[in-house]
Amino acid sequence: MTVRTIFRRIGLLSLGVLPVVPAVAVTVAASAAVASASELPADVKSAIDSGDYNKAQSALIAALKGKEISPRSAEVLHMAMLLEVIRTTDAAVMTEYAADAKAKRQFLAEFATDAEWLELYLGCGLVPYHTKVGIDVLYRIWQEEKGKVKNKGLAVALASVWGGGETDPNPPIAKKNPNRYNPVWRYNFFQKNAKRGLLHPDYKNLRPWELRFTVGIPQQDWDDQSFEWALENINVPWDRYDYACWAAIYTDPSYFGDSVQGGMYNYPYADISWAEATHRNGGVCGAMSHLGCVAAMAHGIPAYTVGQPGHCAYGFRIKRGDWRGGFGGPDGGMHNRIFGNQAPTSYLLMETVFKDDATIEKAYRHSFCAKAMDAVGDKEGAIAMWEKTLEISPLHPFFRASYHKLLKEKGLTPSQVYDYLSKVVPLYENNGFASIDMAKDLKDSIAAMTDEQKADLYGKMHKVISGTPSSWAVNIEPVMKEQAESLKTDAAREQYLAALFATHMGAEDATTFGKVLEWGVKTYVEGGNEAVFSKAFSKAAASAGKGGKMDDEQTKKMVAAYNKAIIAAEQARSAPAFRSITEAAVKVAGKCPVNVELKAAKELPGNVAEAAMFRISTTSNYDAPAWHANVTTPTGGKCHTAKEEKPYMIVELPERKSLTGCIIRKTDGNEGRMKKATVYTSEDGATWKPRETTDDMPKEWVVKFADGTPGKWVKVEFDNAAPDFAHISHFVIYTK
Amino acid sequence: MKHIILSTLLLPGAMLVSEAATLSFPEVPAAKEQAAKEGKPCLVIWYGSDWQPKVREFCQAWEAVAKEHGNTFVFAQFDDKTGLNVDVRKKVLPIEHYNLPAVVLLAPDGTFMAEYDGAQVSKSPEKVMKKLTKLAEKAPEVAKLAQEAAKATGLDAAKAAGKALELLPAEFAVRCGALTGIIRKHDPQDDTGYKSLFAMDHLAMYGEIKGILNGGKDGKLSGKDRKFDDAETYVRGMLDKKLMKEDKYRHRRQQWLAGLAYVLRERIVSNSTPENRDTAPITKVYEELIKLDPDTQIAKGAKRWIHYWSPDTVTVIENNFYESGHQTLGFEKDWRVDVTKSIDGAGTYTFSLIPVDNGGMVTRNYRLLVNGKEVAQADAPADKNTKTVKFNVPSVPKGAKVEVQLTARCNDGWFGCSGHIEMKKD
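First to last, the sequence lines map onto chains A and B. Sequential numbering of the first sequence, starting at 1409, is according to this note's numbering. Sequential numbering of the second sequence, starting at 15, is according to this note's numbering.
Don't read these hints as lab results, they were simulated from the structure. All C-beta atoms in this analysis are idealised placements derived from N, C-alpha and C, irrespective of residue type, glycine included. Check the hints yourself; a few may be wrong.
As the list claims (entries may be wrong) - Simulated pairs of lysine to any residue, SDA-like, Cα-Cα distance not exceeding 20 Å: (1) A:Lys1930 / A:Leu1895; (2) B:Lys165 / B:Glu151; (3) B:Lys199 / A:Asp2103; (4) B:Lys199 / A:Val1994; (5) A:Lys2097 / B:Leu217; (6) A:Lys2083 / B:Lys104; (7) B:Lys165 / A:Lys1930; (8) A:Lys2046 / A:Lys2097.
Said to hold, decoys possible - Far from chain A, some chain B residues (derived; all Cβ distances over 10 Å): (9) Ala35; (10) Glu110; (11) Lys141; (12) Ala272; (13) Val410; (14) Lys438.
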């Protein structure tokens, strides 16, 4: 039982009172069962002492064969964990490592006999696979601490990020300067600063899987000295690390005139830490995001950098389950991750799986036993133990994959797989996208199912997906393509499309609906099957509304569905879907009633940008998404946000252009609103440069940009003293 | 018994909550109002009561300071607590800052005058108060000029704003957005000289320089066709301005000298090959820049550029790893690698560069040095591009420094050339 669990049981955590525990709390977190672990069998001990891990592996298997394998037995659990460490690291690798030096052999022997440490190492999320890197990190820390490692949780987190795991093997740490990326240095850094009280109060409660996100991954995150510099020089409220990136200036070129894209941008500061160099020299999204990320990590706050198309951002976590974005994060491709790199899918799953310390600890112990049973050849026992494991922790993808492997070895019919998945998929509520990855192990069986079974299964998957928080960064298009193509008849595919629309149209988070629409447009409309698309969409739209007593109820429902579709396309940032749905929506909603020529139309040089995409911060009952596209045209359209302190509208051009200016016109009526406003431009859709601000926006506001202002996005943001609506008829961009 | 243990455990936390450390000063809007009424500067103590380490000591120290300096300043507090919306701060304070605690000095009209952070604010407020007290004397004049600037138009506005900024240390003057904005708006051609002095950061400066180089804002000139002379004339014109020559503005001058070095560098690199290149004009400008104040960030960067462009310097590589900070892009420079620790008596040794990113790196001409003197050449010809060579290392005296010197050139940029270095006895 962990210290945290003890306090939870006596109700202190639920009262929001954190117990005063030492910074090394995590090292005493192993359970009573493990703490009282008995001695390993003599032949195992002898093999370990001699550094022969092939022999130790065989001896462990032999010893376990004669025992009841259960997590209730401390002795068995210890043996099972050691067997798992040998399997993941590889017996030959451990033997070779032990042969390298007497001290290494001694360390391995201590590690092998320390059940608590083994459990922490194996429970870290990613366990270094077929490499000596993980054990070497532990050895170096063990040496530094003269054999008495005070914070084993921190040590295993460092071993995990340095060594990777089976799904993320061999991080390219050899490419990094070992003098600037040193796990022992980082261990000392966190130990020292926890003691000084400079880290986030929750740091002391972080488990190894969370500590992975504070120590940084060497292949991507910054050097050791950056941690030191950031701790000293960036200090903001705990929840403000989304702003910490701005501690450096956003600049290109550098103080010395070098472009960030060229070779010498950072040369003048190459002998100091990356963080300090960025502070001195500035940078663009990559450097800024890394700065924000390292600032959070240095204060013991979990964080990661994230790759986005043409951009780099970061995420940080203020408390369990509460990941927030910096510089346009936290979504995209996570550089530091446990369950795949796709955020938010990856961190949502991680937070669900590791949510409760006691539960995941129990599940891991069952998993060690399941693996031990597999190793001793008791396949049926292993399957049963995996089932118990998955009852405790149903969404752990590695547990599920191990179970699937055994199921496949056993052999299941497609109908059995259908029955199994039908029960499992609904468990992925709020982690719907993870259900897709989970089912990949069984794709051959799915392919062999009947169309009816597939349609039902896909329906279940999309039901959990529709209830899952999504993001523009989640790429669901290949999934829909694969699912549609797996169906044998056109009729089944049409039904699949209609089901997709119906399921996702009702979702609270409209992003996935936008993605579905985009895929539908690309596949059917652009593929010459517009009728199929329209039929499926109309069917879904017609059944979407709650009904009313309007004369033309059907039209009203259709308009509402199209409006939702357009907003979804905007949120998904899908230009093709936005255009196609708008075209279709206008047929139902009718011609835009606004037709106002701009008075200042000739004041700006260049031409009106065409085929622009429009996006609005929020929508409201007064909004008319079908006419959003018209807002970017000289005759105007309609858009209306909800009440907000900072409502905004964004125009996205089809490509980067030289911008000459823009005209923004308020709608007729309620012109007293929207006084303070700022126009921004952006080249990446995430970094916004203010171009002009007004404290009293006129009815028709003309903003001229400096010659050669580059940009693909233009935003107008209103700054209301109290939440209020924003509504404009024109947001017309001029380009050269 | 259980209850007693529980109470004991909870006690420290309870005490922390009951003795939460905050300041007794008024909030910023109220303090600003009072400052305007009394014609005093406003000193904002910007801190965080629920996250800042040792905040209690901090508050006690500043309460004491306020008692001593209450006649000079109107003290205000901005408690940047966890959960506070960023916009709240933006509305109250005229600057952003990321290393709290900090103190911000405002003129009686609210114009930004100065900002300090770090140890002087958190540990020894008396030091920073000396500087602030001196600045406070100028606060009424700053406020008066700032108000004049806000009311005036054209060059009169820019002049008033510039005069106000002249009263501030240069590092704060450039951060006073309200006044630099007035200068930019009312004096776009820099007739007053205040724009280049206060209202052009390096981005604006390079925008101008690159525009001139390219033959105007829409110019498309490139390479050696660019207008180097025009750009040099422009930058030198800025450097010749009277205020820019004053010692007080030496840091501003450093920025423009970096701009000048950039123009010279672009001209020299575009018009010469590495073999016949005279880089002395570039390094001379950097030397002038450093002389103004060697401790600034820009001077520290300039030092490395001198090393980079000087033909006679040698790059020293320590810890057996070379990386982008050691490379020269497109031309050769000698590297010197300390291998003393690898020497175990006389014999044949293999010296290897083990690239992790090769970046088209050319390495040749390996020599062995003992105490800085060349004693042997590698087995490979001096002009052969190779990563591995052998040396016959002679006996060396105890304590002697043994190094390998080689000639290297990288043909790629960021992270282009990096790798491990090994010296092993055969």
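Hint check results:
1. A:Lys1930 / A:Leu1895: 18 Å, holds
2. B:Lys165 / B:Glu151: Violated. B:Lys165 to B:Glu151 sits at ~23 Å, over the 20 Å cutoff.
3. B:Lys199 / A:Asp2103: With Cα atoms ~16 Å apart, B:Lys199 and A:Asp2103 stay inside 20 Å; holds.
4. B:Lys199 / A:Val1994: 45 Å, violated
5. A:Lys2097 / B:Leu217: 13 Å, holds
6. A:Lys2083 / B:Lys104: The given pair, whose Cα atoms are some 18 Å apart, holds under the 20 Å limit.
7. B:Lys165 / A:Lys1930: 58 Å, violated
8. A:Lys2046 / A:Lys2097: 26 Å, violated
9. Ala35: About 14 Å separates B:Ala35 from the closest Cβ of chain A, which puts it past 10 Å; holds.
10. Glu110: Incorrect as stated: the minimum Cβ-Cβ distance to chain A is 7 Å, not above 10 Å.
11. Lys141: With a cut-off of 10 Å, B:Lys141 remains clear of chain A, as the shortest Cβ separation is near 18 Å.
12. Ala272: The claim is violated: B:Ala272 sits with its nearest Cβ about 6 Å from chain A, within 10 Å.
13. Val410: 25 Å, holds
14. Lys438: 17 Å, holds
Hints 2, 4, 7, 8, 10 and 12 from the earlier list are contradicted by this structure; the remaining hints agree with it.
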